[in-house]
Amino acid sequence: MNLDAIATAIGELDEEKVLSLLNTFIQANPSEDDAKQVVAACQSGMSIVGDQFEKGEYFVGDLIFAGELLANAIETLKPFLSAENEGNRGKIVLGTVAGDLHDIGKNIFRSMAEAAGFNVLDLGIDQPASEFVRRVKEVNPEIVGMSGVLTLALESMKNTVDALKEAGLRENVKIIIGGNPVTNNACEQIGADAFTTNAAEGVKICQKWVS
Amino acid sequence: MTNINPLYQEKLTRLNTAFKRGTPDRVPVLPIIETFGPYHAGVSVEDAYVKDPNILFQVYNKINEEFYLDGILENGNVFPLKMLSNFGEGLYTLTDKGFVIKGSHGQTMMPDEYEQLIANPFNFFVNVIIPRKFPVLKNDIEGNLGRLKKAVGEMMEFLHYNAVVDGRIENELGLPVLAKGLAILSPDMLLDYLRDFVGVSSDIRRKPQEFYAACEALFISSMEMAIGAYTTPEDNKGVIFVPLHLPTFLKPKDFEKFYFPFMSKFVDEVSVKRGYKIFFFMENNWMPYLDILQGLPDGDMIGLFEHGDLKKIKDSIGNKFCIVGGMPIDLLRLGTVEKCLDKAKECLQLYAPGGNYIFSTDKNLVSLNDAKPENLAAVCQYIHENGKY
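Residue numbers (the working numbering), protein chains in the order written: chain A, 1 to 211; chain B, 1001 to 1389.
No lab work stands behind these hints, which were simulated from the structure alone. Quick reminder that beta carbons are idealized off the backbone N, C-alpha and C, glycines included. Be a bit skeptical, because a hint or two may be false.
Said to hold, decoys possible - Across the chosen pairs, the derived CB separations fall in these ranges:
id, chain 1, residue 1, chain 2, residue 2, range
1, B, 1155, A, 207, 29 to 37 angstroms
2, A, 185, B, 1273, 14 to 22 angstroms
3, A, 209, B, 1257, 56 to 64 angstroms
4, B, 1261, A, 12, 52 to 60 angstroms
Said to hold, decoys possible - With a straight-line cut-off of 30 angstroms between C-alpha atoms, the simulated BS3-like cross-links for lysine-lysine are:
id, chain 1, residue 1, chain 2, residue 2
5, B, 1138, B, 1237
6, A, 55, B, 1311
7, B, 1251, A, 55
8, B, 1237, A, 17
9, B, 1237, A, 55
10, B, 1251, B, 1345
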């Protein structure tokens, strides 16, 4: 199995090639260890995608497609993987904050974070501060990710950080915020640890936090 | 009806001169105020947009008293909620924070339906998309006629409501209300109404020819949307507002291939051939696309730029577009009056020389917290007083 070829094909968003490589691979009825190696190759393909995005070669539409491509690849490999093949880099509780129904940015970040080995609990859209607090208590993540597109999301992000503080959970987690309206000023005012408008950069920040 | 308010004529001339890429007497001031208006006036959005046109007029009366304005783009009441309520929930919802669009739940068309769409867009919308989007229409066929009659009545009511408010804003306050029509370019129709982000991102790779052909098939509808609502561009009272959604999600090479042809054709048909002014909301960062935009026909185009270096944008495509923007709402929201005034000063220094510039916010003011009122008041007044040519 040529793992580099899989990583490269994902990195180049060459769907036909990815599917043909994976189909050849599964026809040989691979072992779980082999399948895990292919998953890892897909993940390194995603980091090529992230690098291309940071270089300005890929744009958000490419990231969305990369997420689709990766999800399809993992789906193909699933029969050969055991159920508890969860990420081991750390846990992230992720959601779009209250009052905001957008999920594209959140979903891109989720697929890239999962590809980087994080175990992501995605709460979904329009999530109130209380839900973040409840799930942070429950799963005890290293990182909380909040997403939003509308300017009013900034207010909800601040409310969520405040609620985590009140619940005595703020010190246990790193908080990253992402989305169109976030800026350095907003990040300081909200009381998050980092902000980004770039999912690939966001994943790198999270990797640094858990390394 | 002729507007005899001298303020209206003065402000409209100021804006129109800038729209034509000329130098007006002063830098026009045009912040984009939407649901911020009702919140600031202390009234509920629903009361302002549905209950009584007088409430919405009073909102703008207050806004106009507190902030110096040369016009407004539109009054913020953009969705006929009452009419839509006949068909169940649509893509937009009105929360206590204003209008919110649901993210990535807009995929109403399947990838294998391109052929049907291309063959006859109207039939496809009527027979496939609308019943799918509004299931009540196929589950209660007997009730449809009554439902549609009621909806037509409520649509007329909605248009009348806005016409009353806009007429009073123009006549009594002397403020031009600029957006006389709205259009969505055909690739954005596929994005917004049919395939959503995940669908479009996949289609341009998996079905590029079908995507392009569908954009061609929908082009006439996007044009009719623009010119149907506003039939008298020669009155020079307004613009066609066109928010651009998909472009900056695409890499420039894909933008050039899948979007630009329809933007270019739209400018040619609507502005060059029919004399309309087109106000593009250039969402996100357009810096990587400036060279491509140089290829647009020479029509009357106005661009409100959300991100990017506005000075470079003006230097690069100021020959094509009237440049609008400059004031980051992040600063209006969090900064001090002093900091905001520094930025306003910078706008005059960097963007105003040579005319062809309109001062505005880089995003819509939606919630109350999007701008501290004292900051917004200070920058609008500053530009008006100091932006004299």
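Checked hints:
no.	hint	result
1	1155/B with 207/A: 29 to 37 angstroms	52 angstroms, violated
2	185/A with 1273/B: 14 to 22 angstroms	45 angstroms, violated
3	209/A with 1257/B: 56 to 64 angstroms	39 angstroms, violated
4	1261/B with 12/A: 52 to 60 angstroms	26 angstroms, violated
5	1138/B with 1237/B	42 angstroms, violated
6	55/A with 1311/B	23 angstroms, holds
7	1251/B with 55/A	12 angstroms, holds
8	1237/B with 17/A	55 angstroms, violated
9	1237/B with 55/A	44 angstroms, violated
10	1251/B with 1345/B	34 angstroms, violated
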